[in-house]
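Using the sequences and the hints, build the whole thing.
Going line by line, the protein sequences match chains A and B.
For the first sequence, the residue numbers in my numbering are 1 to 600.
For the second sequence, the residue numbers in my numbering are 1 to 600.
Check each hint, because a few of them may be wrong.
You can't tell identical chains apart in this list, so a pair holds if it fits in one copy or across any two.
Cut-off 16 Å, straight-line C-alpha distance, at most; resulting in silico cross-link-like pairs (EDC-like, lysine to aspartate or glutamate) [as the list claims (entries may be wrong)]:
{"no.": "1", "residue 1": "Lys76", "residue 2": "Glu63"}
{"no.": "2", "residue 1": "Lys322", "residue 2": "Glu598"}
{"no.": "3", "residue 1": "Lys334", "residue 2": "Glu598"}
{"no.": "4", "residue 1": "Lys79", "residue 2": "Asp210"}
{"no.": "5", "residue 1": "Lys482", "residue 2": "Glu492"}
Derived from the structure by calculation, the hints contain no laboratory data.
There are 2 protein chains.
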Amino acid sequence: MQVYEAPLRDMKFVLNELHADDGFGNLEALAEFTPDLTDAILEEAAKVAQEVLLPLNRSGDIEGCTLENGVVRTPKGFKDAYDLFREGGWCALASDPEWGGQGLPEAVNKLTEEMICSSNLSFSLYPGLTHGATTAIEGYATDELKQAYLPKMVSGEWSGTMCLTEPHCGTDLGMLRTKAVPQDADDLGGSFKISGAKIFISAGDHDLTDNIVHLVLARLPDAPPGVKGISLFLVPKYLPKDDGTPGPSNGVSVAAIEHKMGLKASATCQLNFDESIGWLVGKPNKGMEAMFTMMNTERVSVGIQGLGVGEVAYQSAVWYAKDRVQGRSLSGVKNPSGPADPIIVHPDVRRMLMTMRAYNEGSRAVGAWVARALDAEKHSTDPEVKKRAEDFIALMTPVVKALFTDLGYESANLAVQVYGGHGFIAESGVEQFVRDGRIAMIYEGTNGIQALDLVGRKMGAHMGRYLRSFFHPVAAFIEEHKGDEDFGKMVEGFEKAFGALQLSTGTIAQKGMKDPEEAAAAATDYLRLIGLVAMGYTFAKAAVIARARLAEGSEEVTFYRSKITTARFFFDRLLPQATAAFLAIKSGKASMMAMDAEAF
Amino acid sequence: MQVYEAPLRDMKFVLNELHADDGFGNLEALAEFTPDLTDAILEEAAKVAQEVLLPLNRSGDIEGCTLENGVVRTPKGFKDAYDLFREGGWCALASDPEWGGQGLPEAVNKLTEEMICSSNLSFSLYPGLTHGATTAIEGYATDELKQAYLPKMVSGEWSGTMCLTEPHCGTDLGMLRTKAVPQDADDLGGSFKISGAKIFISAGDHDLTDNIVHLVLARLPDAPPGVKGISLFLVPKYLPKDDGTPGPSNGVSVAAIEHKMGLKASATCQLNFDESIGWLVGKPNKGMEAMFTMMNTERVSVGIQGLGVGEVAYQSAVWYAKDRVQGRSLSGVKNPSGPADPIIVHPDVRRMLMTMRAYNEGSRAVGAWVARALDAEKHSTDPEVKKRAEDFIALMTPVVKALFTDLGYESANLAVQVYGGHGFIAESGVEQFVRDGRIAMIYEGTNGIQALDLVGRKMGAHMGRYLRSFFHPVAAFIEEHKGDEDFGKMVEGFEKAFGALQLSTGTIAQKGMKDPEEAAAAATDYLRLIGLVAMGYTFAKAAVIARARLAEGSEEVTFYRSKITTARFFFDRLLPQATAAFLAIKSGKASMMAMDAEAF
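Structure (structure tokens):
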């Protein structure tokens, strides 16, 4: 059964308690968003997620999207849900008030994103992609384009897409072939005719909005080859009339909708652009820059998708583990009136549930930390804080994307395992989490690409400055809590993992300088290692805070005790992966690269 | 694309070279199966897999099975393929010649099973379940039943099932409710009327054979509660007439076919037995014993399913990694005439391919070792060898089942990752491997149950005698090859992992004696640890053999060199997981079990 109640208590913990002293400071510009207000927003978002979106998750999977006579239809109920979502102001939540948004802090917004992803991952893509597209338009488009498109996109009246991939190129966008020809050859500020074929376009077409605004990567006639010759264009499905309402079709057609493993209620389209009229967003041949602005925002959001899937998988598994009776507890009968004990008594079931729980809490805590940096980057008035926030975001974006989606997928698989045979049956609802969650490890740059970004671009940047934004607070924490009376052993284990991370950083930096393949060979393990250390940091910090709350006599004994237990579990059972990653990194590229391609 | 060529060279390696000195000796009874003959059999099996079964794999997934008016239909082509399979004698391969089988050594048979599972996992279940059922009938049924059913089942004319699970019980069969009432109350040797509902019955109904022979767990009227009151019955779909051909219907009806995540061409049925006539197999109330005979055979076969999926996933990924061009090699352009290099040049893609390769070769090598033990158990004339083989099989059965299916699933997921976005699209064929492979971690006892079997029943049995059947050859190998000039470092790492396994064994045995939950909390990590050590042993041994062949001037330079490289990769990159497992085991059950169920 798909079970979901927004984990509001933990969300409020990461929002109001865990990162209070994170060094990003209090942001004046966000002062109006008091805990009272943000709590209320989270509670309202939870209602939408639980009452509107969750009930459509399985039916949407079963029905899927359809393409008939060139028109894409979303599953039953999606249009009504989208209208309600839009009218409730949820599309505009995090956008700039200048364009009609509510300017919600990212620290809150990412939590609402998590709820939407938990309750209905397919649905989340429709507003999610729009938000990504508005980021690029805000950052790079002309004022005219902003005025014409942003208010309608921010409100959710129109939606957006990112059209990057072509059949022969995804990761390597330098090869893309879609063409943009100036309508008037002398006027690059004017409009262009865009022609080409794009694939894998999420929300590429659907029946939720009156218009769809495509951001399309294409080449100008005189563009240099490779990624340096790519420009970004805004191409509406319908050209706006003078009054701003959608007018004539713009030559954008749906060639097909993809048949996918999951995420079936999200329309993933093959689009053809046939002399579609578009306008430059950003400078000619600088499309990758604008695209990366959008992409980086999206990467953090895709990480949150992984967490969202992990959370609903966890809750669904907990529900089953309490409901299903099978076998007896090894430490004495727990349910004497029943024919057997609920399976939550069994250690191996506990192992799975605690693993999921720890991955979710750890991801939520790290995600909240990054979200605070996003707010500081935007709103801090202290240039040093701003810079540190930027550094931290640059470092953590690939980690959030890859780590959270890997762990969310692992949790989805564990949920299936907790259900046993029933988990493999569609009616249980949990195998859908596996099928839906699988894509998050791939899109917006595969997790392997994230790891390469981390070691190739982020690790060594500015002599390790990005890394310092992370290493400093971690080192300070260890210094402060070494030999702690309750958590000394935990901190000791954590210090070892941090040491392994520092050693690995040195090894990779050194070897990678001479041979970039050495760095690339270490990338995936390094990302896992830094991710585990980041989670370890938030868990150790959470345990210290929880202890203080309990000592103060908090009445939320269960919550804070569970926090400490989950932290202990993380250090006992999951942090040891860091040692494996360290050993793998140390071994270098030799055996990975030795075989000739023909020998495979 | 689903790409598969049976890995004949590696199969012949594990069959004829790797385990030649495994201590199970040469078996006189199998002397007729010379390498020439077994090679020929493997080559013929490869043709069937590649030419008959593989082409039906994706079409079978798309079409699935259907239930119309109580009749189950397999996908197009399955009936013809089954007829061809049966007529070719492939159903009878491993069965006893007494019943028309060919008595093929298990060491060969398991390799043909792997091919069938690689090419079409859904198909493999139809003959696979029959084989399991014949094992139980051979071991426990009366001569009359054997005569009436075995020849037809061995030939594949009739098929078999195992009917265990009921909606409310799977792992905990003690709760089952299906009833068996003697037709004549005084005659337990006679027939019974079986009534009850079973679910998840693989090959429960289909159109491939004229009759289906169900082995059904049920309770006699006076049966004691729990697992001690379960009996096994043979219940044909159609009651045989006097001439042995199928006669009247026997009250077995299909309530539904399950809607599953994958394995869609395998008909998984909900069956209702309504006063169906059945006969006891084995003694009253001793059904679990007969069922476990069948189950243990099946568990090894399910492990092979995992390997089969891993192999086809690997080959499909290799094909794509050579075909897909994207980006340039970090060590200089490799494909100057193309717009980019094939992605197999990238270290992170290599990491994925080598991981899959190592998991497959390691599983195949361990599986072949266990298969030799199966042959020795059956055919050795030396009571000591027989005993050691039995011990080794008892120990390794849960390891083969859980480890191979976990790793096969990981490989399927890695294949999707190698394909990137295309991997999520159904047309690529690789997401099917994930959906199909997922069930193997669950059925025939979840992998968690396998781990409990390992630590609860096998680890401590007879003062660790089962373990010694494995520890002795490993320790001897380490002793012999310590400080080896080429592989010294490899053996050193291996020795450490073996040491961790021995330590963990001691810890679990000690703690588990006082508190069985301690052993259960360590189970899954312990299974992974022993599995990695078993693979490590076969890899180290393989490397030594490969070196000798190369030194002898073998012309198969690529094969033997690749074997050494893959072994090195395993020790560099995969064996480190053993350290993580060791640390997790060491931490004990405390944090896993601390939380109240209500706190989840």
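Outcome of the hint check:
| no. | hint | in the structure |
| --- | --- | --- |
| 1 | Lys76 / Glu63 | within (8 Å within a copy, 24 Å between copies) |
| 2 | Lys322 / Glu598 | between (52 Å within a copy, 9 Å between copies) |
| 3 | Lys334 / Glu598 | between (59 Å within a copy, 13 Å between copies) |
| 4 | Lys79 / Asp210 | within (11 Å within a copy, 50 Å between copies) |
| 5 | Lys482 / Glu492 | within (7 Å within a copy, 34 Å between copies) |
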